[in-house]
Amino acid sequence: MATSNLKHALFCAIITLVVSYPILGFNLVSQGTSVGLEGANPTTVTAVFLAALAVFLFQLFRDQIMSGLGRVPKPALPTTRNMSDATRVRMQNLIILFVVIGAAIWPFLASRGSVDLATLVLIYVMLALGLNVVVGLAGLLDLGYVAFYAVGAYTFALLSQYFGISFWVALPTGALLAALFGLALGFPVLRLRGDYLAIVTLGFGEIIRILLNNWTSLTGGPNGIGGIPDPTLFGMEFGRRVKEEGNISFHDFFGIAYDSTHKIIFLYLIALVLAVMTFFAIRRLMQMPVGRSWEALREDEIAARSLGLSRTGVKLSAFTIGAFFAGFAGTVFASKQGFISPESFVFLESAIILAIVVLGGMGSQFGVILAAIAVTILPELAREFSEYRMLIFGAAMVLMMVWRPQGLLPMRRIHIHLDKPE
Amino acid sequence: MLVIEDVHTHYGKIEALHGVSVEVKKGEIVSLIGANGAGKTTLLMTVCGDPQASSGRVILEGRDITRRPTAEIMRSGISIVPEGRRVFPGLTVAENLHMGGFFNTKSEIRKSQQHVYELFPRLKERENQRAGTMSGGEQQMLAIGRALMSKPTLIILDEPSLGLAPLIIKQIFEIIAKLRDDGITVFLVEQNAHQALKLADRGYVLETGRIRLQDTGANLLANPDIQNAYLGG
Ligand SMILES: Nc1ncnc2c1ncn2[C@@H]1O[C@H](COP(=O)(O)OP(=O)(O)OP(=O)(O)O)[C@@H](O)[C@H]1O
Ligand SMILES: [Mg+2]
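Line order of the protein sequences matches chains A and B. For the first sequence, the positions run 1 to 422 when our numbering is used. For the second sequence, the positions run 1 to 233 when our numbering is used.
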């Protein structure tokens, strides 16, 4: 063991040197018209060697380190294992009720910035719940999920720009259009599984982004689309001045002073309602035959088909429904930002949503919500480390997978209830 | 009940079945034996419509199902216990069974579930265990139980004895006999030729994509060629 580790560690260290020294250890300097090569300053060179040493030591003692990590006491999480399904569901509903009531009151007490952030959290909750259907329940690895998010956002942006469509019309339209895109993606990937599926969906996500980036005449390309209107409350606008003829502004109607937080809180409440709707809609679906067929497909495709389930139907329904909720989230996002550009829909975004699903526990809705909150808020709290955000994020992922490979709150299935024997 | 008529099946350009005809009559146990790679699984999969036969016909209760989609075929009274069991590993025993009755009503599911538990008391004991953690024999029982949940009139079994101890194999074959007594028609594919032929009303021998022999189970067992090739002399 020791010798093989030593060899491996040496190899890794050398690779580190070979890769990083030319990149960091040399500087290109212009000497008149030509370019010259110069050694970097000694601190950089030392850093490179230290990094190689760190890699060497870690690889050498990898087994000890990893087993040490495994022995660190795992955070105890409340368990509901010994409860019957009925009590568990009742308790869950009670908790949800309290949380939702609390979440609805909270923005009136909180600061403007935190409400804005919470809206973003809720958008991610919607996205993650939607992707959870595709990845967690149906077991289809989708790396291009952000495409549907983009479709929802751009639907609203374009409809408002070209036709003056309001948020409330764009919301279902965006979701339905995203669902349609989900269906369209579903067809070509019907026969694919695992890695192949991941690559095709990844490509799909990029195609959408590149299309948005390059179709300048329609989408404005990299400049994006601005001036996306805020949602209205029964025709009441939240701006200082009414934009549309015949509308009345919120503060005038209630005879209160104009306050820009009204709009922020209103958006937050919309996102909250939509996120709660998403949660319940998907939970309902999970208990319905379609939800069980997703699980069957994830568990064993051949067995699922042998029971008469249609692969086409099951896969398409998962993609379509997942995409639908991304479309929802996209519309809210566009409205919140007021401005969107392809930059908001890069692959990293898909990766983060996927990370949320994996961290939360595939298939587990509570876990996914918890992870969405953690992944969105923690980086904000760690603002001063912003340069190391991705590093911390990556480290957290690794630790998480060592400690709890099944996720924060692993999925618990709700059994179907057979009528009691008479 | 099931008639397979001169079926040819291709994987891409390779022909795996070169004109196979098999008939399974109502109430029979028919065994199909053959060496590795003879095309047994291919024949069963062709019945299920994946892959579809490139020529010939598959007729189920007088209906031509050759070109029907798999999902439709599997809902028309056939059940298959696939090669290698293929239970849903992450679901419990009970949930696996419920999946088997996917297209049935809840009260039907409850009835079939009770029936399966009577056939396999072991499954009842392990009702809430995840299927992936069960022994091979238990998983095979579950696979058969799951196939029975849809109340099939014809059950197809692909090598149910694969990798099991003799005692479990004996139990499984006893259950298969019981299924026939309950009025279910059985089409059994096996490498375990001795047991399969002993149980069978009629048997077929498949060799490299062709039916070599067909006879009653007893006659095939007594056939010296069969004894040499499949029963170890
Ligand atoms: N998906 C496939 N693609 C290409 N060829 C295949 C495929 N499945 C099976 N074959 C080929 O078809 C032939 C018959 O295979 P089949 O699985 O039907 O044999 P079998 O009789 O069930 O064997 P075993 O007893 O080992 O299960 C083999 O030569 C096999 O290589
Ligand atoms: Mg086979």
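Simulated from the structure, these hints should not be mistaken for laboratory data. The model shown is predicted, which means the values in this text are computed figures rather than measured ones. Note that beta-carbon positions come from the ideal geometry of N, C-alpha and C, so glycine has one too. Certain hints may be false.
[Said to hold, decoys possible] Facing chain A, from chain B, some residues (calculated, C-beta under 7 Å):
(1) Y11
(2) R67
(3) T70
(4) A71
(5) M74
(6) R75
(7) P82
(8) F102
(9) L162
(10) P166
(11) L167
Going down the list of hints, with the structure as the test:
| no. | hint | verdict |
| --- | --- | --- |
| 1 | Y11 | violated, 15 Å |
| 2 | R67 | violated, 16 Å |
| 3 | T70 | holds, 6 Å |
| 4 | A71 | holds, 4 Å |
| 5 | M74 | holds, 4 Å |
| 6 | R75 | holds, 4 Å |
| 7 | P82 | holds, 5 Å |
| 8 | F102 | holds, 5 Å |
| 9 | L162 | violated, 15 Å |
| 10 | P166 | violated, 26 Å |
| 11 | L167 | violated, 26 Å |
Comparing the model with each numbered hint stated earlier shows that hints 1, 2, 9, 10, 11 do not hold.
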